[in-house]
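Protein chains: 2
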Amino acid sequence: MAKPFKKIKGGVCAPKGFLASALSAGIKDPSVERLDLALIYSEAPAISVGTFTTNRVKAAPVRVSQTHLRNGDVQAILANSGNANACTGVSGVEHARLCARTTGKHLGLKQSQVAVCSTGVIGLPMPMMRIEPKLETLTNQLSSKNGKKVAKAIMTSDTTHKEIAVRFLIDDKPVTIGACAKGAGMICPSMATMLCFITTDANVGKSALEQAVQESVENSFNRITIDGDMSTNDSVIVLSNAQSDTPRIQRKSKACRQFREALDYVMLEMAKALVRDGERVTKFITLDVKGARTYNDAKKVAEAVANSALVKSSWNGEDPNWGRIIHAVGYSRAMIREELIDIYIENKAACIGGLQADTPMELLRKAVKKDSFQITIDLHLGEANYTVYTSDISPEYIDFNRSEYAYWKQSRKDGLV
Amino acid sequence: MAKPFKKIKGGVCAPKGFLASALSAGIKDPSVERLDLALIYSEAPAISVGTFTTNRVKAAPVRVSQTHLRNGDVQAILANSGNANACTGVSGVEHARLCARTTGKHLGLKQSQVAVCSTGVIGLPMPMMRIEPKLETLTNQLSSKNGKKVAKAIMTSDTTHKEIAVRFLIDDKPVTIGACAKGAGMICPSMATMLCFITTDANVGKSALEQAVQESVENSFNRITIDGDMSTNDSVIVLSNAQSDTPRIQRKSKACRQFREALDYVMLEMAKALVRDGERVTKFITLDVKGARTYNDAKKVAEAVANSALVKSSWNGEDPNWGRIIHAVGYSRAMIREELIDIYIENKAACIGGLQADTPMELLRKAVKKDSFQITIDLHLGEANYTVYTSDISPEYIDFNRSEYAYWKQSRKDGLV
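Line by line, the protein sequences are chains A and B. All residue numbers for the first sequence refer to this note's numbering, where the first residue is 19 and numbers rise by one. All residue numbers for the second sequence refer to this note's numbering, where the first residue is 19 and numbers rise by one.
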């Protein structure tokens, strides 16, 4: 769907009029210098749209930012890693508001013009004594050179920072979209422990932007799954400051389509980057379900297969095990007929009509040895399709996620628990 | 619910009039002597009831046994491990029927009086050339001493065989229920790669037996989950031959209640044994959800938490991480209010009103260090409860499930693929 766009440097600072800064506030670990507090700021007034986790347990910053984004005039995003400020009750909400208010004061903005985002451990109080004193420095250090630093500051168990910027022409004038994202664990359709901040100088109205964001999120972040979990803190926030020289982009115009293609591309690239950098992941799988009776059936099948621990284990083992795939298709609750199901690995038939195909096993094994491969499941019952992007699950994933005790110990040292 | 009963030896052969046999047919591996073919037989005519997987991809023996059990006069069960006879199409069904027909011939029964069950790898043809010649030997070796051998022959990745027998009095006359089961991977509510065969000499009518089996399965096998997967082959089959000396057990009588309590106990003990012996599992967790608005909400919460890879990883790491539990509660789609949620580990408060409780961390850590512990989630929204029995997930589980390539190689040697 999304065609490749020309990439440029700069991340969230690539579009005109966006500044950023990031520093180490000691939220992750006061004894080590690691970026964990970041600010993105539009010098000009901006239009803002946000999409948030559907988890009914919502982190304090999600609640606060949802309120702030209602006006649609958010002009700055404050983000931290190391502490999710989730399950922190009334004081968590107070802390999130205080962060927004203090940052706003330094920037000359109202509290409601600052969105706040947190990612990290659930259930521990924010170490405000280390965050608050840094907010002024953060504001003073704003610069158009700091896109990458922001991308790094929001990382938790990510192994690499994730950013992108694309420039394209509307009416022969350059328009830019920049983005950074973090992911790693808890990635699942309907959002993830995932933050994505998108900046653009496109001259686009609020309702057109809202619709574009909603649809792009549906086709990107809502289509990725690593471990079937869904976090309390997922947020996608888009700031648009109209600083490009194009006329206002009208809904349903050619310019609007161009903008949406670019936004689709940016979000899908970020979403795929999250899967590739899933915790201890070794494989990137594009899973296409075809021929379902309904869109919902196609989605059910895709998600059942992509979230099956047994299927994911076999991918980790480079085993072209279509038996586990078809068993997950069977329990997906979608309408299926076993004897009609075809399964392809990299376009090589593994299962035809519910039975083993005669493709030599060596060919199928070679296909799943690749770092990235495609699985196609054709149900032969209708016209509906669905695609998810997913990964294997590794012994190291479990090992990695066994304990967060170190965080508790730090909070105790801080006198917070 | 189920009170402890006096256990006796003998497994499925403990009730009067039941014989069994098991041998190595080389289905698992022709070069090694491992039990993989088993027969259970009631000398007297029996009443039979079966419950099967809800997976829409059903193994051939499931389809065949469902038909055979319709008459309710099944008197023998033939079971094999090593090959699931699933996704094997028309020839798979022919193989299952042939097994039932040949076994019936040797026993003097109709084909439809023999149920067939298979467990093992999906998608490979049954090595009939090794199974068929053994069916006569199997019949000749029937004896009342072979309960344990049957329990061993149905094992796949199980580390121990699982059997039980209980004797209790109805009208001062002894009545016995025996059972064996296998489980290991793919254990999930709505059944598992799980076989359970239950024999009883109770004098109980068909409709009373059907109702008892259905309700006991709902409270036992449908309440366990190891990896969230659900297999193509799950079967619970109960044979009742009325050889005890009690009068016919009438529905809703005291005798019927006694029988059902014993059946509940037997099934729950087998179900718990399956969880304890889940693939590379180290913890047994009883997860109680209380105070839900509806039964379905309580179930959704229990299953979301029990199937969360992140929650299960933290149990493996002996980390009393209530943050991950509450995040799974949040995405369960049940009605919840974050600020009302209490979470207890072994009756020690970990989270009160959605916030960290003040129980010392050492106490909570001590609780999750036990091999077996209880988690209680109180939603404080209503009266509905639900309990599931579940486990951690270990790095070794993933490692163990990475490949089934060895099975393919054997099938190739056999000239079957």
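Hints in this document: simulated from the structure, not taken from any laboratory. It cannot be assumed that every hint is accurate.
It does not matter which identical chain is used: a pair holds within one copy or between any two.
To be verified - Distance condition first, Cα-Cα at most 25 Å in a straight line; then the derived DSS-like pairs of lysine-lysine: (1) Lys-366 <-> Lys-431; (2) Lys-366 <-> Lys-123; (3) Lys-272 <-> Lys-431; (4) Lys-366 <-> Lys-384; (5) Lys-366 <-> Lys-128.
How the hints compare with the structure:
no. : hint                : verdict
1   : Lys-366 <-> Lys-431 : between (57 Å within a copy, 23 Å between copies)
2   : Lys-366 <-> Lys-123 : neither (60 Å within a copy, 43 Å between copies)
3   : Lys-272 <-> Lys-431 : neither (58 Å within a copy, 61 Å between copies)
4   : Lys-366 <-> Lys-384 : within (11 Å within a copy, 51 Å between copies)
5   : Lys-366 <-> Lys-128 : neither (58 Å within a copy, 44 Å between copies)
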